[in-house]
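Enquirer: Next come the chains, spelled out residue by residue.
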Amino acid sequence: MKARQRFLGRRVPGDSWLHRTPAWAKLAGVAALSVLVLLTRDPVVNAGLIAVIVVLALTARLPLRELLAPILRIWLIVAGVLVVHLWLTDWLTGARIASTIVACVLAAALLMLTTTIGELIAVFEVLARPLAVVGLPAESVGLAAGLVVRSLPVIADLARVSGDAARARGLEASPAARTVPLVLGAVKYAQDTGRALEARGLG
Amino acid sequence: MTPQHDEQHAPSVIFESASVYVEDPAAGERPGVTARRAILTDVTCALTQPTISIVGANGSGKSTLLQLINGLVPADAGRVVVDGLDVATRGREVRRRVGFVFTDPGAQLVMPTPLEDVELSLKRTVRDRRERRARALDVLDELGVADLAERSVYELSGGQRQLVALAAVLAVDPAVLVLDEPTTLLDLANRERLREVLADLVARRGVRTILSTHDLEVAADAQRTLLIHEGRLHADGTPAEVVATYRDLVTRARGRGGAPA
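Listed in order, the protein sequences are those of chains S and R. Going by our numbering, the first sequence opens with residue 1, and the numbers climb by one from there. Going by our numbering, the second sequence opens with residue 1, and the numbers climb by one from there.
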């Protein structure tokens, strides 16, 4: 799969310090960074955090193209935010929002590149334990949350395939030609996943 | 009386007048009236041999019959009993005994890598994560795909995916392995590899296999073959007998200008 086709959810095998760091610590780091960028709302702080993320990735010997792959998938959105704010408000607001998106996506990418879905499910299960008081089993909630994370690259790939299919039929301008196969594919993926879990006694 | 799970029960998969219906608006006698259409009708047989194959045309009901075995599809009439356990009332226990491999392994692999996928199968039975990982690697190694453990499932060939899907099922040590057209998407080399693996599993692990297939050579590997035709059990016997009946059925249908099987 080409780097541009990847979106959050792919782990790079390895044994770096970041791979060995417990998943809960990395998840807490992403949460802390997200809170920080939303509270400060400062593009300079965001730029600093982006630089820190890149340095962390380099120290863990992660290929930069892997780290930046999700940004390549959303660059149109980031560029759109910038253009709209240059037009309607000012460049500072545009830079603030765009850099917030990039910082959060890169932090999530760093987490996903060094953490297995199984490790994340284990953390989600611990976080879901309090839900047992309202009758929700932590194991099921953790598994469901892990599968939501797992579905991100699958849905992103479905969107790419739907776009390619629409282009192949000369229907690139048709929203229906792009979205209907995407929705049907997503529903089929959900059904297949449910059936696969049920077949393993995990449903 | 509902049979209880008992070690004295002979290993068997028993269908007792099992039927499956779907609501079908097109089958109604008047517009707007929905009728029931039979997918599988009154199937009765006891499967006790270690290897069973099921043949039949596309849409004949083979997959539905297989999915009855572990309750993925519930019987609307009759019942299915696996090793003394009624699927309708003890589905969870049945699913622990019955491993199911889908035609398309891509629809079965839930996790991003083979190792994580096999680990997921072991989640409920092996609590310790290190032991779970070691067991998962053992199963992948058993099927000769341990070197693919950390690859993305999207980078695997069809044959490799089928073996990983099989490993994910074998990890929980099923007594019965149900495979829905397991060779349909495989090339010749991978088909042969899968046949070897299945024969080895039956001989070494004592796993019983029940598979549906359009490949008459694969069907002939079994000790007993069923022919499903238009939702009914049309023939039941040795592979040679049943395949001859199937060929005759197809020849007669073609002679009448019917759709090829």
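Source of the hints: derived by calculation from the structure; they are not laboratory data. The structure presented is a predicted model; accordingly, all values stated were derived computationally and were not measured. For every residue, glycine included, the Cβ atom is placed at its ideal position computed from N, Cα and C. Do not take every clue at face value.
Said to hold, decoys possible - So the derived label-pair ranges between C-beta atoms look like this:
| hint | chain 1 | residue 1 | chain 2 | residue 2 | range |
| --- | --- | --- | --- | --- | --- |
| 1 | S | V148 | R | E93 | 26 to 32 Å |
| 2 | R | D104 | S | S140 | 47 to 53 Å |
| 3 | S | L152 | R | E23 | 31 to 37 Å |
Enquirer: Look at the Cβ atoms of L152 (chain S) and E23 (chain R) and judge whether their distance stays inside 31 to 37 Å.
Expert: Holds: the Cβ-Cβ distance is about 35 Å, inside 31 to 37 Å.
Enquirer: Could you tell me whether the CB distance from V148 (chain S) to E93 (chain R) stays inside 26 to 32 Å?
Expert: holds (29 Å)
Enquirer: Using the C-beta atoms of D104 (chain R) and S140 (chain S), is the stated range 47 to 53 Å upheld?
Expert: Given range 47 to 53 Å: violated, Cβ gap about 26 Å.
Consistency with the previously given hints fails for number 2 only.
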